[in-house]
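Fit chains B, C, D, E and F to the known structure of chain A by using the hints.
Number of protein chains: 6
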Amino acid sequence: MSILVPDNTLITATVEEGRQLAMKMARLVVKATQPDAEVREQLRAVYAKDASLLIQISLVTATEFATIAAANNYWRGGPATAQD
Amino acid sequence: MSILVPDNTLITATVEEGRQLAMKMARLVVKATQPDAEVREQLRAVYAKDASLLIQISLVTATEFATIAAANNYWRGGPATAQD
Amino acid sequence: MSILVPDNTLITATVEEGRQLAMKMARLVVKATQPDAEVREQLRAVYAKDASLLIQISLVTATEFATIAAANNYWRGGPATAQD
Amino acid sequence: MSILVPDNTLITATVEEGRQLAMKMARLVVKATQPDAEVREQLRAVYAKDASLLIQISLVTATEFATIAAANNYWRGGPATAQD
Amino acid sequence: MSILVPDNTLITATVEEGRQLAMKMARLVVKATQPDAEVREQLRAVYAKDASLLIQISLVTATEFATIAAANNYWRGGPATAQD
Amino acid sequence: MSILVPDNTLITATVEEGRQLAMKMARLVVKATQPDAEVREQLRAVYAKDASLLIQISLVTATEFATIAAANNYWRGGPATAQD
Chain A
1 MSILVPDNTL ITATVEEGRQ LAMKMARLVV KATQPDAEVR EQLRAVYAKD ASLLIQISLV
61 TATEFATIAA ANNYWRGGPA TAQD
Chain B
1 MSILVPDNTL ITATVEEGRQ LAMKMARLVV KATQPDAEVR EQLRAVYAKD ASLLIQISLV
61 TATEFATIAA ANNYWRGGPA TAQD
Chain C
1 MSILVPDNTL ITATVEEGRQ LAMKMARLVV KATQPDAEVR EQLRAVYAKD ASLLIQISLV
61 TATEFATIAA ANNYWRGGPA TAQD
Chain D
1 MSILVPDNTL ITATVEEGRQ LAMKMARLVV KATQPDAEVR EQLRAVYAKD ASLLIQISLV
61 TATEFATIAA ANNYWRGGPA TAQD
Chain E
1 MSILVPDNTL ITATVEEGRQ LAMKMARLVV KATQPDAEVR EQLRAVYAKD ASLLIQISLV
61 TATEFATIAA ANNYWRGGPA TAQD
Chain F
1 MSILVPDNTL ITATVEEGRQ LAMKMARLVV KATQPDAEVR EQLRAVYAKD ASLLIQISLV
61 TATEFATIAA ANNYWRGGPA TAQD
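Top to bottom, those sequences are chains A, B, C, D, E and F. For the first sequence, the working numbering gives the first residue as 1, with consecutive numbering after it. For the second sequence, the working numbering gives the first residue as 1, with consecutive numbering after it. For the third sequence, the working numbering gives the first residue as 1, with consecutive numbering after it. For the fourth sequence, the working numbering gives the first residue as 1, with consecutive numbering after it. For the fifth sequence, the working numbering gives the first residue as 1, with consecutive numbering after it. For the sixth sequence, the working numbering gives the first residue as 1, with consecutive numbering after it.
FYI, nobody ran anything at the bench for these hints, they're computed from the structure. Since the structure is predicted, the reported quantities are computational estimates derived from the model, not experimental observations.
These stretches of chain D come out as covered by chain C in the derived footprint (C-beta under 8 Å, 3 or more residues):
#1 8-16
#2 39-50
#3 59-72
Pairs of lysine to aspartate or glutamate, DMTMM-like flavour, derived with a Cα cap of 20 Å:
#4 A:Lys24 with A:Asp36
#5 D:Lys24 with D:Glu41
#6 E:Lys49 with D:Asp50
#7 F:Lys49 with A:Glu41
#8 C:Lys31 with B:Asp50
#9 C:Lys49 with D:Glu41
#10 E:Lys24 with D:Glu16
#11 F:Lys24 with F:Asp7
#12 B:Lys24 with B:Glu38
#13 B:Lys49 with C:Asp50
#14 C:Lys49 with D:Asp36
#15 E:Lys24 with E:Asp36
#16 E:Lys49 with E:Glu38
#17 F:Lys49 with A:Asp50
#18 F:Lys31 with E:Glu17
#19 A:Lys24 with A:Glu38
#20 D:Lys24 with D:Glu38
#21 E:Lys49 with F:Glu41
#22 F:Lys31 with F:Asp7
C-beta atoms are modelled at their ideal positions from N, C-alpha and C, and glycine is treated no differently.
For reference, chain A alone in the conformation it holds in the complex (with noise of 0.2 Å):
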């Protein structure tokens, strides 16, 4: 299976990274679903002129924010180190 989690890690160093990361294993998970690059591109082209399906993509990626947010401790006071 391609990889899940870049870095194998949740923690980042600012909120915007964790934003970022969020939408990042949201799509490492389709990958992992569709492996075919070209099948991923033409469904590129349909969702992203979808209402409900980019509305949906934004609540995968409140889902997948939530958690980092919570591993990161909201980005409160420095970054949460692996330790924390």
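Showing chains B, C, D, E and F alone in chain A's frame:
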């Protein structure tokens, strides 16, 4: 990728600002997924008149807001500073 | 943007008020997304007779309420004051 | 608006009562959104025979129950009193 | 109303039992909503061959399981007794 | 019923393994609901080319992962042992 988190923080002075941040962060995911402003404007005409899509948008906002509210300790007792 | 959080607080005196706030906050997201009251009234005629949309509305309310209930410490032992 | 939370509390003596409260609170949102009992009865005939709608109802119940279970400290060690 | 929570507890000896309880509790909501076993059997023939409905069922299970796992303190260090 | 939780634990050595467990546990719910491998293979051909279903799968994974991440204390400071 376009910015996903304005000011790179989840901490806001008030609940209202936290709620606005939730809506903004959801929209920024759509913008990062569909960078073409014209396409997004066309989609706006679709979802702004569709009961199901408007309800889905409120579900995304509720999910984002849950994370932001936790980050701000529900604004109980003054804004949660980054050192909280 | 129209107001998203009445009185700018998640703290309510009772569970019932917290539940009403959850429904109100969900509606205010729709209002901020579709400011035209006439359009919203037309949409009301749609969702108020659609089982799926009514169920989706209850999912949004449940999600909003989870945050409000946590903010109020589940109203266990008197209302959680802002200093809790 | 009709009552949203029977007895204005999330605290129940047992898990079973907490589960029943979750279902009841979800239905009371639908009632507050569609006050006409006749319409709701017609909708019941629709969702009670629709696999997707029945599954969506169980998702709402699961989401409501998560909040009620947390409010009752998962009924671990006697009912969580309001002073817990 | 039919029973919603077998043995009236969320506490299970193992993760596997907790997972089975999550699936069981979701099904019991459907049973309470549609008491007719024949109708439920007809619906089973529908959802068991529908990718979207099977995915929705796994979403409900995931949501129920989150609550049961928290109730059991994620089965870290022996089963969480009711007095935990 | 077929096994729902490989090794009967939510504890994993790494984030990547936790993510894989989330995907596996979601699939095992589908397997328990539809035991026929041939039917599941036919469904795979459907969802692997459907943008909406792929997004729904990522939502289920995100929801499962939230529970597994909490169980592992977000892998902050070595794997959370069963006695944590």
